[in-house]
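Working from the sequences, and respecting the hints, build out all of it.
Protein sequence lines correspond, in order, to chains A and B.
The first sequence maps to residues 455 to 696 in the working numbering.
The second sequence maps to residues 146 to 324 in the working numbering.
Note that these hints are calculated values from the structure, not bench results.
Please note that the accuracy of each hint is not assured.
[Claimed, not checked] Below, a list of computed lysine-lysine pairs in the DSSO-like style, where the Cα atoms sit at most 30 Å apart:
id: 1; chain 1: B; residue 1: Lys192; chain 2: B; residue 2: Lys223
id: 2; chain 1: B; residue 1: Lys277; chain 2: B; residue 2: Lys192
id: 3; chain 1: B; residue 1: Lys149; chain 2: B; residue 2: Lys223
id: 4; chain 1: B; residue 1: Lys277; chain 2: A; residue 2: Lys639
id: 5; chain 1: A; residue 1: Lys639; chain 2: A; residue 2: Lys616
id: 6; chain 1: B; residue 1: Lys247; chain 2: A; residue 2: Lys639
[Said to hold, decoys possible] Okay, the calculated bits of chain A under chain B, using three or more residues with CB under 8 Å as the criterion:
id: 7; region: 457-470
id: 8; region: 668-681
If you're wondering where the values come from, they're calculated on a predicted model, not measured in any experiment.
Here a beta-carbon is modelled for each residue, glycine too, at the ideal position from N, C-alpha and C.
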Amino acid sequence: MSGEKTFILDGKPIAFEDGDTIMDAALRAGEYIPHLCHNPEFTPHGSCRICMVEVDGRQVSACTFPAAEGSGVVNDSDQLTAQRRSLLQMLFVEGNHICPGCEKSGACQLQAVAYYTGMLALDFTHFFPRRSVDASHPDAVIDFNRCILCELCVRASREVDKKNLFSISGRGINSHLVIDSPTGKLGDSAFAATDKAMHVCPVGAILPRHTAYNTPVGKRLYDRQPVNMVGDVAGYEETDER
Amino acid sequence: MTEKLKLATASLCGCFGCHMSLLDIDERILELVQLVEFDRSPFTDIKKIGHCDIGIIEGGVANAENVEVLREFRAHCKVLIAFGACAINGGIPAMRNQFELKECLEESYVDGIGVYNRMIPDDPEIPMLLNKVHPIHEVVQIDHFLPGCPPSGDAIWTFLTGLIEGRPVSLPYGQIRYD
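Here is the structure:
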């Protein structure tokens, strides 16, 4: 092991290879850094800001920042947890996240990361934005009320499916997911049930049809164990277990 | 033992599920009544709230009467708790915020399938609906929040015993749920 490069994450040495981000190395070492828009299969995006860590006193997103020999990284601190909780609260109030009415509940990464940070309530005023549901596709439904703009579907469609079906349009608070089809509807696009983009949504925005309650509430991914132990929902979505 | 704490509860725009879940603490309710005395609550049928130590509010704010009850609770309770999903973020009733109030009323009382005597009720005794359903912390100051639809009996017990004994409450994994 001599010559191996390491940095220190919350006091523990973490090995890394050239080109690794802090997140890459932490994931390989089995260390959990809370995140929503990161999936190791796609290009890092750095947009959700949940994975913000302190590197030698400066805040950076772990999924985009290169690991560096000997640097000190703080992931687990009260201040970072409070900051992550505030970011999550903003994601919740910005959309319409009514967990009791969502079939993704229990296997939702937004929920799971919020549980992990101990979020009990939403300190901000709710937007209650008016957004639509696109039920035009035979195999999937898109509920825009729950979209958190993580761009996982955008990247899956671009990088794996090679279809480039999704994009984020608009600016600031008007940013929203758009679909590449003549009508803007999913049903008129080239989207297929076999697409990677169907199975990477961390929330209940892109929902496969026909399988909603195959796994009953109470036996879902995050029902028994927290996200730092069972990991992302994307991997679980692609198993038969769901 | 010192005097019992006074506890009041109310359901605003909720389904009474949180109150039912409070009964899910089962036989521990015998322990609870050793610690607290129920003031205004659906359990006692007392209609007017007295000075209380703890107020528990289920449900969001959807009409003028909800606002009145909530303000009365805030004025009479030392500690006020948002109890369950609807109190915290409006919950299922807040799904009507996607529509104009007029559209909701017309769908229910005028255009809906199988509706007879099509007219929107306007009896003066019926509280006026607000344009939107609001979480209760948008109307009054709230001291504590307990999420869940409903919060489980165990979560309620962990929370209430901690609160009554005056120690910091830490809910174990599985007792914090939003659904």
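Status of the hints after comparison with the structure:
1. Proximity of B:Lys192 to B:Lys223 is assessed by CA-CA distance (about 19 Å); at most 30 Å being required, the pair is judged to hold.
2. Simply put, B:Lys277 and B:Lys192 have alpha-carbon atoms about 26 Å apart, close enough for the 30 Å limit, and the pair holds.
3. Distance hint between B:Lys149 and B:Lys223 is fulfilled; the C-alpha atoms sit about 14 Å from each other, no more than 30 Å.
4. Taken as a hint, the B:Lys277 and A:Lys639 pair is honoured in the structure, with Cα atoms around 29 Å apart against an allowance of 30 Å.
5. Restraint check for A:Lys639 and A:Lys616: the C-alpha separation of about 19 Å stays at or below 30 Å, so the hint holds.
6. Note on B:Lys247 and A:Lys639: the hinted pairing holds, with a Cα-Cα distance of about 28 Å set against a maximum of 30 Å.
7. Only when three residues or more bring their CB closer than 8 Å to a CB of chain B does the claim for the region 457-470 of chain A stand; here the count is 0, and the claim is violated.
8. Counting residues of the region 668-681 of chain A whose beta-carbon sits less than 8 Å from any beta-carbon of chain B gives 5, enough to reach three: the coverage restraint holds.
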